[in-house]
Amino acid sequence: MEILSVKNVSKQYSNHLALDDVSLSVPEGSIYGLLGPNGAGKTTLIRIINHITAPDSGEVMFMGKRLCADDVYKIGYLPEERGLYKKMKVGEQAIYFARLKGLSKSEAISRLKYWFTKFQIEEWWDKKVEDLSKGMAQKVQFIITVLHKPKLLIFDEPFSGFDPINANMLKEEILNMKKEGATIIFSTHNMSSVEEICDHISLINRSKNILSGEVNEIKQRYASSTYDLAFSGDEEQLSRALFGVNIAFSENKESDTKSAIIKLPSTDGVRDIISKINETVDIYSFNKVIPSMNDIFINAVEGKLNL
Amino acid sequence: MGKIGIIIAREFNTRIRKRSFIITTMLMPLLFVGLMIAPTLLMRMETDNSRTILVIDHSNVIGDKLISNNKLIYKTTDKSEEDLKTQQSGLFGYIVIGADVIKNPNDIKLHTYESSTLDTEYAINRELNRIIEQERLMNHNIKGLGSIINNIKSNAKVTSFKIEEDGEKSASSSALSMGIAYVFGIFIYMFTFMYGMMVMQGVIEEKSSKVVEVLISSVKPFQLMMGKIIGIASVAITQFCIWMILIVIFSNIALQMITIDPATIQNSMQMGASLPAGVDTEAMTALTTLTDWSFLLSIFGSFIIYFIGGYLLYAAMFAAVGSAVSSVEESQQLQLPITIPMMLSIFIMISVIKEPNSTLAVIASIIPFTSPVVMMARIPYGVPTWELVTSIVFLYSSFIGMVWVASKIYRVGIFMHGKRPSFKELFKWIKYN
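Residue numbers (this note's numbering), protein chains in the order written: chain A, 1 to 307; chain B, 1001 to 1433.
Excised from the complex, chain B in its bound form (with noise of 0.2 Å):
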């Protein structure tokens, strides 16, 4: 193994045994999957305590048409207000219906045991709307009535198609889209900065311990300085692995928890049929995908591409800036230059993934500095291979000339103690032998 490769695993190996690396990467993937099922399990949870109303009609129109569903039943009862104005159990309240509520529907009234909340006082007004329309309308004795409104029920759902290059059609929901470019775009802003900051904060230790000193004396600069970059990645890919294979495994568990299969969701999806009730669709859709293994590992591809050139190109930046000070507190104004294109990067995704193929994001898709991420933002839409191309070529050459500018500052910069380099000075560096 060469000297490059012994430093990768001192880097690779004193890092992935840290507590918190093993803590974040277990729980992270946990908690992501976590809060996709939680609406559904909360409305699972909730449709366990149905409630049930007793219904006054003395309009003797509307009681036998109230449909009951799971979270609502409705009764119609003979009992009298004055017998329910104790406390009764099992029951969620009363209705008290005006006899002449089809011309005065402002005369219901709901009486509750408990304290009632928005949501079931828009399911009643909903229902109670529905019926006093319909009786309206069969007041205008049309004929056939009936079989005129099952007629005209409409249940309107849009099923989106993209169209590829090869003119193949496969059917893509764009909220999903927009949902994993966002995560993706986040995964790489947040990994690039986060294991760039790791580079940083490495050769800040090795310089102000001063075992650059002593590992200098049997590695080039360039060596430790590649070394280092590598390892840490290599830490990064390997925590990205594992989240991806856990949350596989999570969010099976999960769908298997709440007793769904989910090829059953993925038919159903497909058949426009309605899930079970209490299913909240989108989560759904979400989970089942991130089970859909061709999908992920398309994803996956591109991220790891899009992840090592971006990370390096930064990380290689990084590790110029930790070579010029002595101190993490030092670097926050030599950091600007990293972190301005980065926070560029994010807020043109947020656009991006509104407007996939404007020629803003046509643009930061291929300048290296904000392609990582808003490239990464632009693939779950499409994106047209000449662009993904480009956007790749200029990304990895950009990223050896950085490595190149980034070498030259180092060399000097390990062995510079006392004040802070000026941009100036570092611009001076590179131009050393």
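So here's chain A without its partners, still in its complex pose (with noise of 0.2 Å):
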């Protein structure tokens, strides 16, 4: 089931199309990338899901109705650009976010002494924001947006700014979030991330969705007709076998395998190849190259990808 999904959304400003006609849908309990590069329209469309901004047409559909107002309470949103009253105590700082988010005052103190004492941050309880450094400030900023219990979560980038080792504990999180069955919207440019985490992306360029789907389903879809083969035996025979084939060897000087990047014109007649290589040789691996999530991105962002 689908727990959002936009419907032909345009959005005119001024002087720029910042949506132009995007359609997609997340399904509930996945984690769905938003790829992009800078400008393309993504804080645009996830404001429009924030209730921030009314798209100009189409429209956004939450948990299969009109997205509301009210509906922010099920939402929980991590901005880029992370905000938080510098002045203001840690503490009190959350419960005021927590508040407007419509939890209880008690509610929302009892729930942060949870996550503070998770993240082991209790001591920085009745500190100032300012005095924090700035991955100490963006996992505060993490617990007020994930503390109200959101059926969606949109983090726009949240692992800049975070070393390696927090950054594994916020993945780590956000995988127990989906586990607890919460929807995850991320946007990013990591595309390591995506292809560690992501079930769904859609990919956004020049305000138009132009890439949507399952992550291994898109790289299938993308995977070129090249093969990573490892072998034992005589290269000259090999090539002499498959004359006429794009064959590259290469050297590998710690073991005895020997390794080559077959490329074929199309997909078709793989299996006469494997066996004609086969009788030369002996196989340890014959492998589809599968290309990055990064490789698409690149190149369908210029337009070298057949879509």
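Everything labelled a hint here was simulated from the structure, so no lab data went into it.
Watch out, some of these pointers could steer you wrong.
As the list claims (entries may be wrong) - Below, a list of computed lysine-lysine pairs in the DSS-like style, where the Cα atoms sit at most 30 Å apart:
| # | chain 1 | residue 1 | chain 2 | residue 2 |
| --- | --- | --- | --- | --- |
| 1 | B | Lys1220 | A | Lys105 |
| 2 | A | Lys87 | B | Lys1018 |
| 3 | A | Lys178 | B | Lys1071 |
| 4 | A | Lys86 | B | Lys1408 |
| 5 | A | Lys208 | A | Lys178 |
| 6 | A | Lys65 | A | Lys149 |
| 7 | B | Lys1220 | B | Lys1428 |
| 8 | A | Lys128 | A | Lys149 |
| 9 | B | Lys1408 | A | Lys87 |
| 10 | B | Lys1018 | A | Lys105 |
| 11 | A | Lys7 | B | Lys1018 |
| 12 | B | Lys1003 | A | Lys127 |
| 13 | B | Lys1220 | A | Lys127 |
| 14 | A | Lys74 | A | Lys149 |
| 15 | A | Lys263 | A | Lys151 |
| 16 | A | Lys87 | B | Lys1003 |
| 17 | B | Lys1210 | A | Lys149 |
| 18 | A | Lys118 | B | Lys1408 |
| 19 | B | Lys1428 | A | Lys208 |
| 20 | A | Lys151 | B | Lys1018 |
| 21 | A | Lys74 | B | Lys1018 |
| 22 | A | Lys178 | B | Lys1220 |
| 23 | B | Lys1018 | A | Lys208 |
| 24 | A | Lys304 | A | Lys263 |
| 25 | A | Lys89 | B | Lys1003 |
| 26 | B | Lys1408 | A | Lys208 |
Stated by the list, open to error - Covered by chain B, per the in silico footprint, the following chain A stretches (three or more residues, Cβ under 8 Å):
| # | segment |
| --- | --- |
| 27 | 78-84 |
| 28 | 99-113 |
Values in this document were obtained by computation on a predicted structure and should not be read as measured data.
The beta-carbon is built from N, C-alpha and C at its ideal position, and this holds for glycine as well.
Now that you have both chains on their own, put them together as the hints suggest.
Structure follows, in structure tokens:
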């Protein structure tokens, strides 16, 4: 079931079109990556989902109904530009934001205690935000975002500013929340994190949704007909056997295995090639080279991908 | 509590806990009362060191008639000038009066052991002139002159009355009205400006620290703006109330300190009698007025009405400007439509205080941009009810209109970064939906 679907949404600002007929749907319980270069319109889309601005045309459905103002209680939003009152104490501030999200004061305090203990930051409660480091403030901001246990979480570049240890901790928390049934949309430029945790993605470029789908499916879809071979045997013989095929060998100094990259014009006839290889040398492995999300992203944005 | 309530509470709590707020709130009334009683206290101190002057009277006419007061004490002496040439303890100096002083009044010399003051010399001159004039009159040998002189003595003092609409008359002091008008006009100006700026700074702070991004996913821009405006207004009203209470308390303490019972001043003012020597009448009148609760409440009431109206009107404008810029420095130019009418209202107020019922005064006290300051300045003199009602209706309806316009600008402005918008662009924002 879809928790959120965006249907034909367009948004015009005074001198540019920020979103042009964008549609996408986010399955419940998934981690959904919203990718795209800077200025593509991701933030505008996120603001529309957060009910901050209204689309000029199109609609947003949340849990089967048209998105309304009260839905913000069920959404948690971590903006890219982190914002906290610098002069306010951490605890007090967290309570304030929690109450604006509809929690009672006592409920807010008990949930905050839980998170502060979990992140081992109890001693920050009475500190002013201006005395925290950037990474520390990020943690506080993260807690504020998830405190009201929203059904839908939207993270805009959640890992920026975190050291690897804390980034890992955050990743685990995100996966935890998914396990508990939350749906997570996150916008990022960090492709390795997309590959690690996202189930689905949408790629927004120049105000349009140019690529949507499940991560693995997309990778398969754009996998080229390039293969990675590991073998032992005579290279010359193999070359001769595969006459006319684009093959490049590479030395593997540490072991007896040799490797080669084979580029085929299409995926047809792979079996034929495999049997030819099999007759000539001993195959250790034969793998289709799957493109990384990074390659797909760059190729799609630069228009090299056949969409 | 609604979301606006939560926002108001935050704005209020964070601000009144600031050290700067607590300090100004406590110190201002102290300073205010201090400035009022300082002249009286100073006079008191002066009376303690009265000056004794010896009089060598060669004319034998003047000496006995000199009247000492608590500042100058005259003592006739038989000592010669030679005896007094050396420093004498406990003496300010001596006067030598010529034998033919009635005909030749310049033949008077004052010798002092310490440097003399203009005040003292004037006092001596006045006293000598009085006696010489009297003596010259006597020389005309008019029958019954003594009783004539006593008869013609006059000490005129105008007691003013204001004729109210219901025909009742009450004593009013124009000096006092003017003072109060001035103080409260300035108060409104100061509060509106100070707290309006605070709204603007708050908006800029939220925008530049990106807090607004977080906030706006939970509250509507309108709620955020109104919450801030109302929250800061309640800080201002709290400060004003504390000031009023402290001023009343400090005034009472001050009067007690200079051992004058407020009731006796009130009585003596009504009787037209003179106050104990060494008390500054004007300051005492003012101080006593400040201990008069009913008067304070009526002024206080109109202050609250005009402050809230004027503040809301201007704060909405300040909020709109704050949302459009990314730093206080950038806001200067956009602030012009706010600061110009405010400055204007102060200039108009100064002329209105002298002519509280001029055409300018009436018009300016109805136009909402100037009415809070100008009307506040007119109220102590008494204002016809219809003018008051018109002015308040205008003020509050234009505040509603201004909040509507400001919220349109604010909604767009808080997400705009980069170049400072022009007035034309702001105008465009109003028309967005």
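Q) Looking back at the numbered hints, which does the structure fail to meet, lowest number first? A) 3, 11, 15, 18, 20, 21 and 23
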